[in-house]
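Enquirer: Chain residues, written in single-letter form:
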Amino acid sequence: MEFETVIGLEVHAQLKTNTKIFCSCTTQFGNPPNTNTCPVCLGMPGVLPVLNKTVVEYAIKMAQATNCEINRRNQFARKNYFYPDLPKGYQISQFELPIAEHGHVDIEIDGKNRRIGLTRIHMEEDAGKLVHDSHEAHSYVDLNRTGVPLIEIVSEPDLRSAEEAEAYLRKLHAVLRYLDICDGNMQEGSFRCDANISLRPVGQEKLGTRSELKNMNSFKNVHRALEYEIRRQRDILLDGGEVVQETRLWDADRNVSNSMRDKEEAHDYRYFPDPDLVQVVIDDEWINEIKQTMPELPDERRARFITDFALPIDDAVIMTSSRELADYFEAALKLFAKPKKISNWIMTELMREMKGEEGINIQECPVTPENLAALLILIDKGAISGKIAKTVFSEMMKTGKDPETIVKEKNLAQMSDEGDLMKIVQEILADNPEQVAQFKAGKTKVMGFFVGQLMKKTRGKANPKMANQLFGQELLK
Amino acid sequence: MKLYELTIHKLQEMLAGREISAVELTRSVLDRIEQTEPKVNAYLTLETDKALEQAEAADKKLTEKQAAPLCGIPFAIKDVMCTKGMRTTAGSKILESFVPPYDATVIEKLRAEGAVFVGKVSMDEFAMGSANENCAYGVPHNPWNFDHICGGSSGGSAASVAAGECIASLGSDTGGSIRQPGSHCGVVGLKPTYGRVSRFGLLAFASSLDQIGPLTKDVTDCAMMLNAICGYDPKDSTSVDRPVPDHRAALEEGLEGMTIGIPKEYFGAGLDPEVKKAVLNSITRLKEAGAETRDVSLPHTEYGVAAYYIIAPAEASSNLARYDGVRYGFRSQEGESLLEMYSKTRSQGFGDEVKRRIIIGTYALSSGYYDAYYKKASQARTLIVEDYKKVFAECDVLISPVAPSPAWRIGEKTHDPLSMYLMDALTIPANLAGIPAMSVPCGFSTDGLPIGVQMQASHFEEEKLLRVAGGLEKLLGIASAKPSMD
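Protein chains in written order, with my numbering: chain A, 713 to 1189; chain B, 414 to 899.
There is no bait here: all hints are sound.
Derived pair list, reagent style DSS-like, types lysine-lysine, alpha-carbon separation capped at 27 angstroms:
no.	chain 1	residue 1	chain 2	residue 2
1	A	1053	A	1110
2	A	765	B	648
3	A	1173	A	1157
4	A	841	B	757
5	A	1120	A	1093
6	A	1189	A	1135
7	A	1120	A	1110
8	B	788	A	791
9	A	728	B	648
10	A	1110	A	1122
11	A	1113	A	1052
12	A	1177	A	1135
13	A	1122	A	1102
14	A	1173	A	1120
15	A	765	A	883
16	A	791	B	768
17	B	768	B	506
18	B	757	A	791
19	A	1168	A	1135
20	A	791	B	648
21	A	1173	A	1052
22	A	1067	A	883
23	B	789	B	677
24	B	789	A	791
Treat the hints as calculated values from the structure; they're not laboratory data.
All chains should be built: construct the whole structure from the sequences, respecting the hints.
Expert: This is the structure we're talking about:
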């Protein structure tokens, strides 16, 4: 039997505001436990929340970037449950009247466009963190994160494969980064994702029983966890079994997911409008004001790269995958106006050197776009060969130095002096009479041997065009 | 002369004229407390030394002629408002040792005026109750008859004012908790418009209904205290940013041109004949003094109690979730797991009435019941608001009883919570609608227990309330009546 996979994602993005959503504590990551706190975020008796306006602004930005309808009346609601990382015993979130609904984003799969629906976006506060130590009988509570603003972005069950889910997730990530409203750091948890996934026989309308996947803290883990879950559910269904509705935790070390089997699942959150916060009214003026500040988004920028710079679509997709990379590309382009050559270098040399688990983080690249452009200029004008350029680039990555300095220090400039090269060419021919004879007998392939010898002697610096030319000249004498 | 018996406005003159010092006044109150407290039991926490220090500081300001109107006046604070450095229990075991590191906004405002804080007074646990019998630290007694309740939940506030154990006090009112004890103890009590006074630092019972207000010896004192505590607070999103009038000055305008509405639903079955008589007498006197009267109807009044006992417990069930033993307050030492720690802490830390309301509220908000209960109650609330809107289009102030009967005997209704809930029927609608309402003494039962009359006005029309209340107070001349305390 053929099955169709149905996936919906819930993404939590921490907003990059300076202060928390309902108090003026800092949102800085990495401070000592419980130092970013005050009576309000500690849930002390009698304190009241006051909404941070920037949170609403950022949420409106995301709503606009994802083609959502913005609710003009917003209501915060309490989500009630007990847990030590939740000081008030409820999380202030949104239930009825969230900030935005009915949006969509487009993703590219095998060169084809897929439109993924967004059910809703809502604003809420983050919870704190429990720190467990297996050597101790108790746990610690760190409330620094409590009250850090989040938006939750809920997709429609429109995704049909792990690949689509990853592409969608990367798209949301890029949009948030372009808007500069979320730092997108998955390791630190500022961009998190839960997945609902089910299988159904192809052609069937009714959705199958779903499981919920949690604890996938990288794009790769999301992909792997979903693939694993698709296989797991298919095996169950093919065996004539039934999928159990449950929450499963991804174990990235062992590449498996495990059922949480937790009583917490039976939660009834008893949502009701938070009486401490008045409705937020959003008028046209505010929306238009925010519209004016919207930056160019990934789709627009990609289109521009294709039309203005004649980049192939694959290059344009990669160059615009993050705002920083696109900025990097354009900064290099200002100094060296050959777009395809820049994208080639970024996609090959730079990405190979920078590659981490989640692709590249261009902000951490020691090679500035100016230096990359300088390197490409050196190649372009023949000062160094493409091969030497790779050596220079490696050195640039290691030291952060500019290419001219490296070329000078390491004496890597291309040898293009005809007289100097000719001397070596003649030496090589004199040392290898056998190969010369072969060449003259019509075995022109030995030309490669001669050039190789030259490169060896010049440590790769000989101008390859001239090498061929000079050997030809001498052998045909 | 017994200084503790005097009003704020009288004492203010004496303090400003330096006839007396704030220290003398504070000592007078502290001596009175020592003498009467064994019988009244209004205070949960007394801060004698701190009070005297504050009085000294007040004297300095008074001498330098830099004193605000409430400078040097000794106050008692309901133990539900956070006082920096002073224990705040909400009448509950779960907060028995909780000392807030911050002041409620109202306390900050009084401090800025140079007020003296004598201590924190008794209340029903988390303000849940109508008799102040639900306090983890004992029951206060009505100064007019020690066998009777003070009313609740601000019982300690009302009793301490009536007994002369403070000059005035602050209470909080969620369904009548200022007005009803005010009425039972023969003092003036005002619940301002929702949003007029900041709730920051008030331990929440039902956030959409709670409002802080004064309990005082007369209407002028009430106006003076309202002046001091009201106004927009950026720390409370539900406080309203609009100009604050001089409420004391409004009193000068008197009854002239006031139309008084008499809502027939407030005079129905179950009303004690003596209460009815005293209230009707007040209406007659106001009419004689030139006020116009009109019979009006608030047809949805009967749904008030039912709506209230859904909305208030629902909000409370969530508001009280933070008392979990994790960060502050009482934590049970029994229990092996997190769940056990939670349930033992809350089972042992909360009293029966609080637990009852948490359970009711949790049930009302549960999925599948939300529409039938909470949503329905919210709709009833809207109908009650509409009732008031119509009525206030044709009259300025509504007059009615505060409570169906005078203070009952301690223990009389303890085992019948439902009949106790019904005692709030006449005060609850004002909280549901968010309108200001007050209670003014208007007579005594044949047993010598005080009876109050309730006045209600439209949103932010405290001035009208105070004008009618002040007018009535003059006509009846009973503001100076004091319990014998024998």
